[in-house]
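Engineer: In case you want the letters, here they are:
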Amino acid sequence: MIATFSSATDLPPISAPDIEYSLLAPVFIIAGVAVLGVIVEAFWPRSSRFLVQAGLAVVGIVAAFADTIWVFTDLDKLDGSRLARGQVAAEGALAVDGPGVFAWGILLIFGFLSMLLFAERRLEGGLSGFTGRAADAPGSASEAEAIKHRVEHTEVFPLALFALVGMMLFATSNDLLTMFVALEVLSLPLYLLCGLARRRRLMSQEAALKYFLLGAFSSVFFLYGIALTYGYAGSFRLSDIDVAVTNRTGGENMLLAATALMAVGLLFKIGAVPFHTWTPDVYQGAPTPVTAFMAAGTKAAAFLALLRVFFVAFGGSSWDWRPIIVAVAIITMFLGAVVSISQTDVKRMLAYSSIAHAGFLLVGFVGAYAGAKDSSRITSTSSILFYLTVYGVSSIGAFAVVTLVRDSGGETTHLSKWAGLGKTSPVLAGSFALFMLSFAGIPLTGGFIGKWTVFSAAWSGGFWWLVVIGVLVSALAAYFYVRVIVLMFFTEPVGEGPTVAVPSVLTTTVLAVAVIATLGLGIIPGPLLDLAQHAGAFVR
Amino acid sequence: MFDLQWLLIAIPLASGLGLLVWGKEGDRFGHLIGTAASALSFLFGVVLFASLLGKDGEDRSQSTKLFTWIDAGSFHVDMGFTFDQLSGLFVLLITGVGTLIHVYSIGYMAHDERRRRFFAFLNIFIAAMLTLVLASDYLVLFLGWEGVGLASYLLIGFWQHKDSAAAAAKKAFVVNRVGDLGMATGIMLMFSEFGTSSIHAVNGAITGASGSVATALGLLLLLGACGKSAQVPLQSWLLDAMEGPTPVSALIHAATMVTAGVYLVVRSHGIFDASEAARTAVIVVGLVTLLAGAWIGCAKDDIKKALAGSTMSQIGYMMLAAGLGPAGYAFAIFHLITHGFFKANMFLGAGSVMHGMDDDVEMRHYGGLRTFMPITFATFGLGYLAIIGVPPFAGFWSKDKIIEAAFGENFWVGLGALLGAGVTAFYMTRLMIMTFLSEKRWREGVHPHESPRVMTWPLIGLAVLSALGGVLLVSNWITEWLEPITGHAEHEELAVPAIVLTLIITVVVAIGVVAAVAFYRREPIAVETPADSSVSIFARAGRHELYGNELNDAIVVRPTRHLTRFLVWFDGKGVDGFVTGVADRLGDTSQFLRKPQTGYVRSYALTMFGGVAVLVLALLAVTLA
Chain C
5 MIATFSSATD LPPISAPDIE YSLLAPVFII AGVAVLGVIV EAFWPRSSRF LVQAGLAVVG
65 IVAAFADTIW VFTDLDKLDG SRLARGQVAA EGALAVDGPG VFAWGILLIF GFLSMLLFAE
125 RRLEGGLSGF TGRAADAPGS ASEAEAIKHR VEHTEVFPLA LFALVGMMLF ATSNDLLTMF
185 VALEVLSLPL YLLCGLARRR RLMSQEAALK YFLLGAFSSV FFLYGIALTY GYAGSFRLSD
245 IDVAVTNRTG GENMLLAATA LMAVGLLFKI GAVPFHTWTP DVYQGAPTPV TAFMAAGTKA
305 AAFLALLRVF FVAFGGSSWD WRPIIVAVAI ITMFLGAVVS ISQTDVKRML AYSSIAHAGF
365 LLVGFVGAYA GAKDSSRITS TSSILFYLTV YGVSSIGAFA VVTLVRDSGG ETTHLSKWAG
425 LGKTSPVLAG SFALFMLSFA GIPLTGGFIG KWTVFSAAWS GGFWWLVVIG VLVSALAAYF
485 YVRVIVLMFF TEPVGEGPTV AVPSVLTTTV LAVAVIATLG LGIIPGPLLD LAQHAGAFVR
Chain X
2 MFDLQWLLIA IPLASGLGLL VWGKEGDRFG HLIGTAASAL SFLFGVVLFA SLLGKDGEDR
62 SQSTKLFTWI DAGSFHVDMG FTFDQLSGLF VLLITGVGTL IHVYSIGYMA HDERRRRFFA
122 FLNIFIAAML TLVLASDYLV LFLGWEGVGL ASYLLIGFWQ HKDSAAAAAK KAFVVNRVGD
182 LGMATGIMLM FSEFGTSSIH AVNGAITGAS GSVATALGLL LLLGACGKSA QVPLQSWLLD
242 AMEGPTPVSA LIHAATMVTA GVYLVVRSHG IFDASEAART AVIVVGLVTL LAGAWIGCAK
302 DDIKKALAGS TMSQIGYMML AAGLGPAGYA FAIFHLITHG FFKANMFLGA GSVMHGMDDD
362 VEMRHYGGLR TFMPITFATF GLGYLAIIGV PPFAGFWSKD KIIEAAFGEN FWVGLGALLG
422 AGVTAFYMTR LMIMTFLSEK RWREGVHPHE SPRVMTWPLI GLAVLSALGG VLLVSNWITE
482 WLEPITGHAE HEELAVPAIV LTLIITVVVA IGVVAAVAFY RREPIAVETP ADSSVSIFAR
542 AGRHELYGNE LNDAIVVRPT RHLTRFLVWF DGKGVDGFVT GVADRLGDTS QFLRKPQTGY
602 VRSYALTMFG GVAVLVLALL AVTLA
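Order-wise, the sequence lines are chains C and X. Under the working numbering, think of the first position of the first sequence as 5, with each following residue one higher. Under the working numbering, think of the first position of the second sequence as 2, with each following residue one higher.
Bound conformation, chain X alone:
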């Protein structure tokens, strides 16, 4: 039966492509087909997972080879998939949460005339994401990796009539290419070192390779992971990506795609186990992102961006855990799953709020929605309790374990993670107060209302999962389940008993909540965003996403732009023709281009002659020097 695991991918892929080529007639039921495809894939995933449960520990890694993708000499890559304990969990998360979000989108996108296309993209995303997690070869994984990138790009820019959406899509694409550079080079390195890019073979052979190879591979894969998972320094695209429709933010930019980096690190555990330096880099990246994301989350007034900051921060936790090695891998995955539940829940909740508030995302225009949107409030509340880590909700279990493991590694790392938990409690409480609790600050003509049932049912489903996700940890089920993959870790002895640490964490969280209540209940919340000059330097930095964009602009974008201008000018193609992204700008440019465009042969010949001179001289200089 596991030979058929490619069906998991094929079903949504076929549906997605079918919906794309289908004409207008498909509009009436396209969304139903898309949802059904995702649900079918989920059901098949459940069947496979169940039969995996029925097997012995050693038999739980089921590989199948679809066909030989590349075979030329030693250049051999199989289009192969592996359904094991780790990818099985991911399949359930992706298709399960994915299906709920498909259902939700039926309502959310009801009035969009391109709804069929939206569902087609969602299906293609699901297929690509499943390829990523099921791949048994890094090159196949890379295929899925590029696929989710493409789907994300298309979906961020889905509302292309908004310039901001188009710009955000472009930014996501460009930043992700930087990460892809790491991936591609990493795979190339695997080939040259081990002659294969099979995940199993590379992680097996790494112990025989030199330490520097492991470190280089680890750092290259980390670069890839940073791009996909919006980790510092490649974090800047995620906040802009919130321009996409909210279900996209929930599915791709919260629950699944952005966690691909964590998956990659855990899947490549052999490489990271072999290199202390690479693991340390992962820890540092995770810790920095965790704090930076939380900081940004505190300062944003846009509900989706606040949640995006929180996503960054939570993925930082997962990265941190993944960097701890065998002690943390299972908890990274555990937090990834619970986060997938509660963050998708809250994003969809935010979408529901926006739906009732005429697509306004500004939290300063909300307030008092508790009574008008009871279901959204209740489900969002459960997500809130889960993310800040109130026992016994899902996030409590998973975050508690990560902080505990971090203290086991290093006191300061643990302290950073602990601080993050407090800040998380602060900004999430702030978000709750501004949206649901405080006084009404609605703009005129807005009549909040509860969303239709097709939207609230998925919310309820995810809320239940957010509340109960912790059961995965009962009698350490998840750590034992993943142990064949991640390796066994001896329990670290902490300076204080685990229960005391749990208490400390809970107290820190409580302090965060109380601080937010004290801060935002003291006086009414201003409807207008206070000017930059009137807020503290910390809030200002947070609002500006810690100046990440400005930094990118200064060290990458502007020099590149100058370089392009220079090259264009140098090439005799004149004019200020750089980035003519929007088609209607092209008309003007062309008129201008036409005149100097008729490049003179004499100048061409001169260029060539110069080239000849340089070539000859360079050759002489290089050789005779």
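Chain C with its partners taken away, still in its complex shape:
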């Protein structure tokens, strides 16, 4: 008895995990505000709840962003290495490094802009673009009643913030379990948000269900990939996996299967072919502000996770996975660009354009150009960070335009209704045209520099022929984007033509920021490129 007792006292003391609170503060701020939002939801009076929730979300994001800047500038002090900056934090669960914190920054910017779109209430006669009571059957009497009493779902703000937390964790997770949890944290609120559209509710609910089913399906592959990876490397830590992969500890087939399955889960989130099928349906069905948030945020977070897993954990076997990713990149670019030609719905068109952009981003990824000591050529990581910024901002801007072109049934997304938009509303059509030109990669827009940088990274990585294909496909895609511009400016409107709602200051701000950023990053991309280049490599 005594012996047992004494052995019990010999147990090592449970040590509290060592959390670097100051380093992780941006994540904590967003998570805290999200939880606070849930409490507000329970206790705050309904009449002013919407404004409180919106204000809370915006203030939280701004505070987190300010803190992110501080963290980013402080990174240098932590690590002596020239290429990588930052450190592994939270007992190895998170890697707070240059690219990760840069991603936090852009995710918070996307979140900020999306929250402004979420909060827009002028377009629906004083109500938000989300359904009043999601539980009501579409078209039922209780729905009509909810509208009459001006009921609103204010949970959308905490939900979006939870998704944002997931995205931030996804971009910085340093072990596969954390990454999986982050993936689910980011996905679940988004599934819900997708189903909350005020108009065309059936379509919206269908989109949510589809997204959920297919998302769950892809998560399974991801999880299975994690399991196989663990079987191969005996650890969830990316750096441990790297060691195992580099030393080739045997069981090659298991490693290959693990790589492929992990890739599936990540390629699904970025919308690469053949895991893209959900994209058009979900983008079309989801409430447009949510689509904007997803298009910009999910893609950015998932790309960071993809880079981290494949550069850090599977970096040693890059010659195995590169050919496959090359093929995926080519098919993705090509299919996205070609199929967008036949689209007649603006949101679906933007969805296919987002698929094509995933392909261009993959080109930069495949280059896997990590930079060299003596040269400061743009690396794959920084080129992708830059591209994601430009693409995210322009696409939030484009979706903001979509929310404003309306008819009696809400947003009118059919392309034919957009004919002649340039006559009725030149400023709006002009900004949409600018976003299209940026997507097409025409010089003096951010999109051009973005394409330029990813292609240049791929070229430095030795994939010159892939760059040629990329340039060819972007030429093909440009044809389509320009066609939309022609439609808006040079085609006579059909019928009475589109009406353009006058937005409040919120949407106007989003549009202004997007236009300025798209142009600004095209004319003087230097500072941001420098910042992206300064972010350096991933820490291990």
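None of these hints come from the bench; they were simulated from the model. What you are looking at is a predicted structure, and each value in this text was computed from that prediction instead of being measured. A hint or two may mislead.
With a Cα cut of at most 20 angstroms, we get these calculated EDC-like pairs of lysine to aspartate or glutamate [said to hold, decoys possible]:
# : chain 1 : residue 1 : chain 2 : residue 2
1 : X       : 441       : X       : 302
2 : C       : 427       : X       : 28
3 : C       : 427       : X       : 114
Add chain X to chain C, keeping to what the hints say.
Structural biologist: For chain X alone, coordinates are given in the frame of chain C:
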């Protein structure tokens, strides 16, 4: 003062953008502002050029850096411009001819309700074209290159209510993207090889690079040049581009933009000097286009298309000269300038004829216009004498020099160029006879009349330039002026004295003229176009633009269309939804799309699962193979 050269670009750009955003109130004087902007830019260009003349040879390249465009590590591009002997000449050509065409357009577009917008596009074009020629970095040049492409696209499709115009614009855009592909890849190659895309640095560093790099760069730039300058095999868009308003054809598709390819080759002389293979490719492209364009010019009955064929052919001459290396660069530019004068002159003349003939372009409906449009006839006649190369008009000097240089390179190349001169004389004489000289074949209700003064004055101005352009060659001024840029060339010794060759050329030209007169004066010209079956196989091929469109269709368009259909079908988005270009077609398509559009999750999941299987198997196969 040269630090302010960006003003050359900024003035028309500001005017163009201003006119675009200006409301209806701008309609009354928008055209005047547009013209004034172009004229202002021209005057400033003259001032700069004059001060360049006053400098010593070494100081004549004046660069200025506006700001740093891209700066991330070694990724460094300056928004910089260079005003030197070559770009100076171009600035004068672009703004000078451009201003005359602006003036002309005031009359030509007087009844178009969107005249303000037309002038805005013209201004933007001028700004983009100036960016192209002043750029001191290939990436900045590319910016202008895309800009002129966009302006050209907008202006070809300006009369968008015509389906043919919209289709032509689209075609020009697509074909030009193929050329742009060459440009973009070329610039990428420069970056990876030399770490810079500065024109000066690349052309300086090329001698240290391997020959294959120079050849690859040369061929890529040539592809870009072919797209912009409508050279074989990317020639097909130029004839369709004649759907645009005639001043556009004169400015963009004759005098300036289409010569950008020649400019590019001359500007990149370092690259082409370093690669024999690339130069040979330029010569071949130039020679083939020269003959093909002339052939097409012989067969077209549409006055603008006949002139477009002739433009192709003349640019072929310039390309050929540019491909000859230092011996030809200066003559390529010389011919480019004289061609800019006389071809703009003739296009505007054709516009004047159309103006008097109710916008009919069919030469078979013309005839006998000499007495009804005396000024147009006289100015067009001067252009005609210039293009066929009758001494002492401008074209004689420039073409003579190119043919001479071609003989210096290779006998057969020279012979091809000589033959082209004869054919040029033939088709231009045919055009003159059918339009101005032969009997009247007007349709009913047409009352030809001379155009208003605002249109004839620019014609007179250009006619004078067409007649006197040859003075640039007095005591070899142009070759010496450009020598610091193009390098010095030893004079090639020909088998026969130069004067004998000149005589031979003149005789060949005379034969061409006589043949055309004999052919078209013998019997009255039919009002109806003879059916394809009743003309010779040569005429038939020429009419069909040597089957270039059919060829493109067979090897590019149709396979692409099938591929798109397949992909669309494959993607579960069904329907025959390809190319829904016109908005009113979209309504029908959507109804159809809506039904199968609600794609089933199970099929999506199956696609994903298939993808997973393929991915895993491929990974295993690639690695274990």
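Engineer: Quickly compare the C-alpha distance for residue 427 of chain C and residue 114 of chain X to 20 angstroms and report which way the hint goes.
Structural biologist: With a Cα-Cα distance of about 14 angstroms, the restraint between residue 427 of chain C and residue 114 of chain X holds, given a limit of 20 angstroms.
Engineer: Are the Cα atoms of residue 427 of chain C and residue 28 of chain X separated by 20 angstroms or less?
Structural biologist: Distance of about 15 angstroms is within 20 angstroms: holds.
Engineer: Does the structure keep residue 441 of chain X and residue 302 of chain X at a Cα separation of 20 angstroms or less?
Structural biologist: Holds, at roughly 16 angstroms.
Comparing the model with each numbered hint stated earlier shows that all of them hold.
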